[in-house]
Structures are given as C-alpha cells and as structure tokens.
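K.L.:
Start from chain V and add chain L according to the hints.
Residue strings, one per chain:
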Amino acid sequence: MKTDTPKDLLDATAARSASSRNLKPLIGMVVLVAIVAAPLFMKNFLIFQLTLAMIWAIAILGLNLLTGFNGQFSLGHGAFYAVGAYTTAILMEHGGVSYYWTIPAAGIVCFIAGFLFGLPALRLEGTYLALATFALAVAMPQILKFSPYEHWTGGVQGIVILKPDAPFGIPINQDQWLFYFTLFILILMFAFAYNLVGSRTGSAIKAIRDNPTAAKAMGINLSLYKSLTFGVSALYTGVAGALSAIVVQFVAPDSFTFALSVILFVGLVIGGVGWIPGAFFGALFIMFVPHLAEGISKGLAGAVFGFMLIAVIFLMPSGAAGLLKFVLDRLTPVRRWIGSQSRRRQ
Amino acid sequence: MDLFIHQVLAGLATGAIYACMALAVVMIYQAIDHFNFAQGEMAMFSTFIAWQLMEWGFPYWAAFFLTIAISFAAGVAIERSIFRPLHNAPVMSHVVLFIAIFVIINSFAGFIWDFNIKSFPTPFGTRPVLGQGLLSAHDAGMIAVVLILLLLLFVFFRYTRVGLSMRAAAANPESAQLVGVRVSWMLALGWGMAAAVGAVAGMMIAPVVFLEPNMMLSILLYGFAGAVVGGLTSPLGAVIGGFSVGVIENLAGTFIPYIGREMKLSIALALIVAVLMVKPSGLLGRKIVSRV
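Chains as they are written, first to last, in our numbering: chain V, 1 to 346; chain L, 1 to 292.
If you're looking for bench data, these hints aren't it; they were derived computationally from the structure. Misleading hints may appear alongside valid ones.
[Stated by the list, open to error] For lysine to aspartate or glutamate, the following EDC-like pairs were computed, each having C-alpha atoms within a straight-line distance of at most 16 angstroms: (1) V:Lys163 / V:Glu150; (2) L:Lys118 / L:Glu212; (3) L:Lys279 / V:Glu125; (4) V:Lys145 / V:Asp254; (5) V:Lys43 / V:Asp175; (6) V:Lys145 / L:Glu262.
[What the hints assert, rightly or not] Sample of chain L residues facing chain V (criterion: CB under 8 angstroms; computed from the structure): (7) His34; (8) Val96; (9) Ile99; (10) Asn106; (11) Ser218; (12) Phe224; (13) Met263; (14) Val275; (15) Leu276; (16) Met277; (17) Ser281; (18) Leu283; (19) Leu284.
[What the hints assert, rightly or not] Quick list of the computed label-pair ranges, beta carbon to beta carbon: (20) V:Val97 / L:Ser184: 53 to 63 angstroms; (21) V:Lys216 / L:Lys279: 21 to 31 angstroms; (22) L:Ala171 / V:Leu331: 44 to 54 angstroms.
Every residue gets a Cβ at the ideal spot worked out from N, C-alpha and C, and that includes glycine.
Same shape as in the complex, but just chain V (with noise of 0.2 angstroms):
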C-alpha cells in the first residue's frame, strides 16, 4: 500500500481531528456564496482574470490526472490546449454553433486526439513519453499553421470570435456571464475527477502508477486504461482550451507554442502532483506571479518560475499540498485542544 501521496496525508490530517469535519460543508457553502456573489462588485478585469485561472485550474487538473493519479509525464499538454481551443473557434466562426456546444464538442474531439497519441505513446515511459509529448508541443504551432486548411484555420492570423451575451436577458455583462459559465464548467469538471478518482476505474489507474506489474497480474488492461487516462487528460485540457478560445475571444498559432505547454507544467508541479485541489493553487500561481515578476523586470517571469520549481523540489515536492498539510499539522494540536474545551463544556 502506498500512503505518502498528498492526498492521503491530507485525509489523514482531516480525519485526526473530527470536530474540522462539521465545518466542512459550512466553509464549503460560505466559499461558494461568496464566489459566486465576487464578480458582482469586482472590475471587469479581475473577473476576467479570475475566469482564465479557473480555466487554467481545468487545464492543470487533466494534467494532473494523468501524471499525478496515472504516473505518466507530458510536455505537450499544449498541444490538446489548442486543439480544444481550435475546434471551437472553428465551430463558433464556421459551423455558427452556439458557444456552449462547443465545448462538449471540443472535449469529445481531444479525448479522441489524446487517446490516438496515447495509443503509441503508451509503450513508452518515463523520459520517453516527455519526449514525444515535448516534440508535439514543438511541433503544434507549425500544424496550426497548415495552408492547406488555411481556410478553416485561419492560418497564422487565427480566428476572432464573439464573446457571448448572458442569455435570458439576465442583467449581467459578458464578463461576469463568462465568469459563472466557467465556474459552473470547473464545477462539473472537478466532481467528476473526484468521482473518476475514487471510482473501481480510478483504482486502477493509480495502480498502473504504483506498480504496473502488479497492476497487470491483477488482471488491469494497461494499455487500454493508460490511453484511456491520456485520453480523458486530454479531454480536460481540451475543454479548458475551448473556455480559453471564447473568453479571450481570438485563437492564434503563435499562442500555442511550448511555452504554453511548460506554463501548464509549473502549475501543476507548484499545486502539487496528485492532489485535485492543487490544480487552483497552480493556477493562481501561473495567473497572477508572472504579472508581479513582469512588475520588476521584463521577461523575469520565466526565471521565477525556473527558481519556484526548483524550490518546490528541493524544499516541498508535493507543491502546495505539502504545504497545506504542514500548515494543518501545525495547527492540529490547537484543534485539539479547542475540541477538548469544547467536549468539557457539554
């Protein structure tokens, strides 16, 4: 049995003290609320900034599924952040489909795309697969580029879409519309990698990333469960890109190079490697630190993120989580002592 993953040191914290576990749907509704009520009186700005890291959380989070719960690495989640992207600016400028079709549409297409690379990819490990992932994440903006379907592409100009009104003529500009869309996109998306985590098939995923050989003499399909993990990664990724296409309302080549690709892959590592919540943590980092970087010198950005990581390996390798569960630890026995007082007063 493996114990050490961030998420099992978390529940083993949570469940230490009971007294937290009441809290818990109480703090989740106040977090909720307060959420839901913020874009009303914030700039349009923030909210748009806000939306693009829920989005990023989206992206982040299939990262994470397939390399936090499947072992697997990618470089080139990028790729599946364009090609999500793609397909709905081609759907909303070609195909005048309505906004909110196109994302299903969008994941179907890279659940397709990731389970098709997956297919090969899966016979190779470790550095292996960062390799071809890193080759098509190189490789992406020169197939954007394609002339031949240029017509439909846009070629290296792109495609500018509309942002979409709120509907029903609810009294809310585009931005908030666009914020709560999201937010009830992230919510979808998250309940079901919480499912998917827990569920018989999430079992063997991780068990794929434990022990492959003991995974394969319990009788799990390897290849077909590691592509399908490729595959529903992509999935994510690819509806994230599709958000990303409609709220900043242009999809070019040139934004989806390999830098995208290495933004998604600091995310994931700062929010912490196979623990679902970690994903918001990435990408409030990736969202909001490069802003304060680019605030002290230009093109710092990339150097802070270099020496975040760097940090994050030597110092706390579950990102995030980890830090959580040392703050939780630290506290742990002022719970219990808050519990005792309690317990006494009854």
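P.N.:
This is chain L only, laid out in the frame that chain V set:
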C-alpha cells in the same frame, strides 16, 4: 536525379547542425539516462557567451575555446549544485529540474542580451565550396568539426582512463564504485562534456540560424530526433542519425507537397515516435533489456 543529389547534399549541410546537437544529447543521455530538455538553452547561452567575448575584442578561436571551457565548468556546476542532491529522486523531479533550468536560462539570456536577433561570425567564410549554393564553406567546416568532435569522443571513450571510467560508471554504477571509480564525479564530468559539446554545436549553428534566446528550441527537437534515430547510446549513431534527419527533412521538403515544406517539425515528431515504437534502440544503439 540531379535534384535528388542536390537535395541530399543540402540535407547533409543542415544535418551537420542536427548531428552536433544529437551528439550533445547522447553525451548527457549516456551519463544520466535522461533527455536533458535544457540542452538547447545551455548551448544557446554558451553561444551568447562566445558572442559577448568577441564583442569584447577576443579573436574568434580564443573566444571559441574559452567558451568551451566556461561551458564545461558551468555544466559541472549545474550537476554539482542542482542534480547531485537529487540523484535518487524519481524521474518526475528530474524532468521538473530540466524544465526549470530551461526557463531560467531562456529568461536570463533575454534579460541580459535582449530578444533581438544578432549575427554570429563564422571562421570558415561563406563562399561556396561545391556547386552554386550547394555547400558553403561554413557547411563544409561544420561537417568537419562534427567529424573531428566524433573522433575525439571516440578516442576519449575508447583509450583514456577517464573515458573508460565514465562508461563504467554509466553502465554499472555499483561495480564501478567497487573498482574505485568516483561515480558521482563521472556524472559531473558527463554534464560538463555535454555542455561543452553543446557549446560547440551552438557556435557552429549560430551563423546559420542567427543568435537569439529562442534559436535552439526547434534545433533541439531535431537533435533529439537525430539521437533517437541513431540510437541513444552511440555517439557515432547520433552523428549518422543527425545527418539522416537533415537529409530526410530536405527530401521530404522537396518531394512531398505541402507537408514537407510547412510541417518540418512534424517530420521530427513523426520520426521520434516511429523509431521509439518500431526500434527503440535506434540504428546503432545497444538494446536495453529490463526485467518486467
């Protein structure tokens, strides 16, 4: 037929670039068993150092050898400071560190020397050697440098004590340790040599593609492709692989409509995936058998 020969020759010229890079990739792969995704950026930074030295008035060859020495030291320093403490960490940590070094070097190069392209001199001149615009003096010089480099590496790994120790350390660390090889320093040496070979590659490539912080990304991809095609465990294989990738790229560009010209990087992608699937050991690589 004339066109064919023409393109093969032109392919050899670009192939020399890839062969240079593939050689650096194989050097590090032999030492640490990983692809160094920061290899291209390290080579780029070395090339900038050479450029800076020449700006300060150093003659070409002085700058050339000084850069190699600096790169070697930097490679050793990176291994000692960042990778040594995490020697036994899982693959994931190593990939994270490669990416970290990648973005740090890229960012610093842009920070120090900005993102405008700079021209880089060639010591061989640019007049055509063979036919009109077929093989320039620089191309010929580059091919010669690659072959000399290969010969030096061959002699080093075959006939010197240090070279043999390095191979022993890579092939079987425990036994090597037992016979008195300082395995961990051999790793550092491997990093240093890979950085030095990368520096040579960078300085040979820069006159062709111009100098800027992002110059190496696609070349690194071709370098990987060359190394994979040739076999990751063989320097000779890497050079042959690099040249064949150059030739394949050029022939595809001429004879396959659209795809060859506009999706050159996808050719590298396809080559990597195809070789890894069909014959993971490449042309000249040693087969690695692992217990399942």
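K.L.:
Please go over all the hints and tell whether each is borne out by the structure.
P.N.:
The hints, checked one at a time:
1. Taken as a hint, the Lys163 of chain V and Glu150 of chain V pair is broken in the structure, with Cα atoms around 23 angstroms apart against an allowance of 16 angstroms.
2. Taking the CA atoms of Lys118 of chain L and Glu212 of chain L, the gap is about 7 angstroms. The hint holds against a cut of 16 angstroms.
3. For the hint pairing Lys279 of chain L with Glu125 of chain V, the CA-to-CA distance comes to about 15 angstroms; that is within 16 angstroms, so the pair holds.
4. With a CA separation close to 9 angstroms, the supplied pair Lys145 of chain V and Asp254 of chain V stays within the 16 angstroms bound.
5. For the hint linking Lys43 of chain V to Asp175 of chain V, the alpha-carbon distance of about 10 angstroms falls within 16 angstroms, and the restraint holds.
6. Taking the CA atoms of Lys145 of chain V and Glu262 of chain L, the gap is about 8 angstroms. The hint holds against a cut of 16 angstroms.
7. The closest approach between the C-beta of His34 of chain L and any C-beta of chain V is roughly 5 angstroms, which is under the 8 angstroms cut-off, so the hint is satisfied.
8. At its closest, the beta carbon of Val96 of chain L sits 5 angstroms from a beta carbon of chain V; the interface hint therefore holds under the 8 angstroms criterion.
9. Restraint check, Ile99 of chain L versus chain V: the minimum CB separation of about 6 angstroms is within 8 angstroms; hint holds.
10. With a cut of 8 angstroms, the hint placing Asn106 of chain L at the interface with chain V holds, because the nearest CB-to-CB distance is about 6 angstroms.
11. Nearest Cβ of chain V to the Cβ of Ser218 of chain L: about 6 angstroms, under the 8 angstroms cut. The hint holds.
12. Of the supplied interface hints, the one on Phe224 of chain L holds, with its beta-carbon coming within about 6 angstroms of a beta-carbon of chain V, less than 8 angstroms.
13. With 8 angstroms as the threshold, the beta carbon of Met263 of chain L comes within range of chain V, its nearest partner Cβ sitting at about 6 angstroms, so the hint holds.
14. Hint on Val275 of chain L is violated. Least Cβ distance to chain V is approximately 11 angstroms, over the 8 angstroms limit.
15. For Leu276 of chain L, the interface hint holds, since its Cβ comes within 8 angstroms of a Cβ in chain V; the closest pair sits about 6 angstroms apart.
16. For Met277 of chain L, the suggested interface contact is upheld, since its CB lies about 5 angstroms from the closest CB of chain V, less than 8 angstroms.
17. Because the smallest distance between the Cβ of Ser281 of chain L and any Cβ of chain V comes to about 12 angstroms, over 8 angstroms, the interface hint for this residue is violated.
18. The closest approach between the C-beta of Leu283 of chain L and any C-beta of chain V is roughly 17 angstroms, which is over the 8 angstroms cut-off, so the hint fails.
19. Taken as an interface hint, Leu284 of chain L does not check out: its beta carbon lies about 18 angstroms from the nearest beta carbon of chain V, beyond 8 angstroms.
20. Roughly 59 angstroms separates the CB atoms of Val97 of chain V and Ser184 of chain L, a value that falls within the hinted 53 to 63 angstroms.
21. In this structure, Lys216 of chain V and Lys279 of chain L meet the distance hint of 21 to 31 angstroms, their C-beta atoms being roughly 24 angstroms apart.
22. Checked against the hint of 44 to 54 angstroms, the pair Ala171 of chain L and Leu331 of chain V passes, with Cβ atoms roughly 50 angstroms apart.
Hints 1, 14, 17, 18, 19 from the list above are not met by this structure, while the remaining hints are.
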